[in-house]
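Chemist: Chain by chain, the residues:
Protein chains: 2
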Amino acid sequence: MSRTIAVLGGTGAEGFGLALRLAQARETVIIGSRDAKRAQDAADKIKQRAGANAKISGMENAVACAVADLIVLTVPFEGHATLLKQLKTAFRPGSIVVDATVPLASSVGGRATRTLGVWQGSAAQETAELLPSGVFVVAAFQNVGAEILNGEGPVECDVIVCSDDVEASKTVRELAAKIPGVRAIDGGKLENARILEQITALLIGLNIRHKGHSGIRITGLPPAAYTGR
Amino acid sequence: MSRTIAVLGGTGAEGFGLALRLAQARETVIIGSRDAKRAQDAADKIKQRAGANAKISGMENAVACAVADLIVLTVPFEGHATLLKQLKTAFRPGSIVVDATVPLASSVGGRATRTLGVWQGSAAQETAELLPSGVFVVAAFQNVGAEILNGEGPVECDVIVCSDDVEASKTVRELAAKIPGVRAIDGGKLENARILEQITALLIGLNIRHKGHSGIRITGLPPAAYTGR
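So the sequences go chain by chain: X and A. The first sequence lines up with residues 1113 to 1341 when you count with this note's numbering. The second sequence lines up with residues 1113 to 1341 when you count with this note's numbering.
Hints listed in this document are in silico derivations from the structure and should not be mistaken for laboratory results. Bear in mind the structure is a predicted one, so any value in this text is a computation, not a measurement. Please note that the accuracy of each hint is not assured.
Copies of one chain are not kept apart here, so a pair can be met inside one copy or by any two copies together.
[Stated by the list, open to error] Derived DSS-like pairs (lysine-lysine); straight-line CA-CA distance at most 27 angstroms:
#1 K1167 - K1282
#2 K1290 - K1157
#3 K1197 - K1149
#4 K1159 - K1323
#5 K1167 - K1301
With the rest of the complex left out, here is chain X (with noise of 0.2 angstroms):
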């Protein structure tokens, strides 16, 4: 299947080390950033660490996202919804966009380690009000740090995947268990995309308190509820 990833934010540690992972994995990927020039120099350097044949390169957000096929938003909560007011007609229909954003208090100048609340219930959720129909939304890796993905070993994170839409779920399950170490596993509808983005928050007090760079694993389910386990 030929298939090209954007991510948003992609010059940010959180999308470096995404963006970096899925070149790792063989995807083509696309790294986007209001510059293109900055996006092309993070793309120079995942190139350099994922290897000569890796397939990624750097463009302006509007432009990667109108030509990729889905679109990982790793943007900060402030630029959020004012980044998908402006790409709102670069998505293509039945584009798939993977929202990891957390709506972190640290956006307003609070703490990391707390949540704003959003109304209508999580990032993800506003993404998807925000979105033109036909664009298919799914939260999905807010838990895995940036420090662990631009890492050298396995991501030792389950990433548990909400949409309302059961095929493009199943799809970011299978993109996201390519990365080493990682399981996904559904967690349902969008709306539960709240907790998971509350879970990073508590994380990231815990690598606070614990000097530590923190993932979650899911115990207990049955074999098949795991991807890529």
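Assemble the complex: chain X is given as a structure, and chain A must be docked to it using the hints.
Modeler: Then chain A, alone, in the frame of chain X:
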């Protein structure tokens, strides 16, 4: 150290399982219930499983509360505030109240995969508001399912412990870590309990969707972060 632990709501599945595990860990445990007879019946059943030497008895809630050093709340959220108001004068200064309550929407006829918004931020913070001063509130055990506690095997779930009192938190972490399989982790202040409570709704959703008995493990922290590793 001689101490008495009361499990209020200990005739319910979660409280029963927790009382069983604590009795098996050689703690002195009292099952608390509205009905002393039902409490005693539950205690007898635990004695059958934990052995004749198990220090387990059953009492009416207020009596159990008055003689205990550490009180665990495992009551459904619909009875949570009412019980605390009833017992207000029964709590002894210096005692520790461990709140495992989750404000599931099923308390008001909704789904157990969703939580209610609690004005104070979490059920545990509501508890802190309702208890007399001098009683220490600790949030813990929300994410350990009743089926797992009542099973025979080790508990494949970490217990994240949140409290505004450092010593009370440590006491509860050491207690939790006595349950085989449990690793207890300092989760910081009581306000973080809201995230633990929401994780339970997520786990219930995963249990229904995937037909399992799920729990969580936190990865990526240094060994010192885990009590009872």
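Chemist: Each hint needs a verdict: does it hold in this structure or not?
Modeler: Hints versus structure:
1. Taking the closest pair of Cα atoms, K1167 and K1282 come within 27 angstroms of each other only inside a single copy of the chain (23 angstroms); across copies the shortest separation is 50 angstroms, beyond that limit.
2. In this homomeric assembly, K1290 and K1157 come within 27 angstroms of each other (Cα to Cα) only inside a single copy, at 21 angstroms, whereas the closest approach across copies is 48 angstroms.
3. Taking the closest pair of Cα atoms, K1197 and K1149 come within 27 angstroms of each other only inside a single copy of the chain (23 angstroms); across copies the shortest separation is 63 angstroms, beyond that limit.
4. Taking the shortest Cα distances, K1159 and K1323 never come within 27 angstroms of each other, neither inside one copy (30 angstroms) nor across copies (42 angstroms).
5. For the homomeric pair K1167 and K1301, neither the shortest alpha-carbon distance inside one copy (32 angstroms) nor that between copies (45 angstroms) is at most 27 angstroms.
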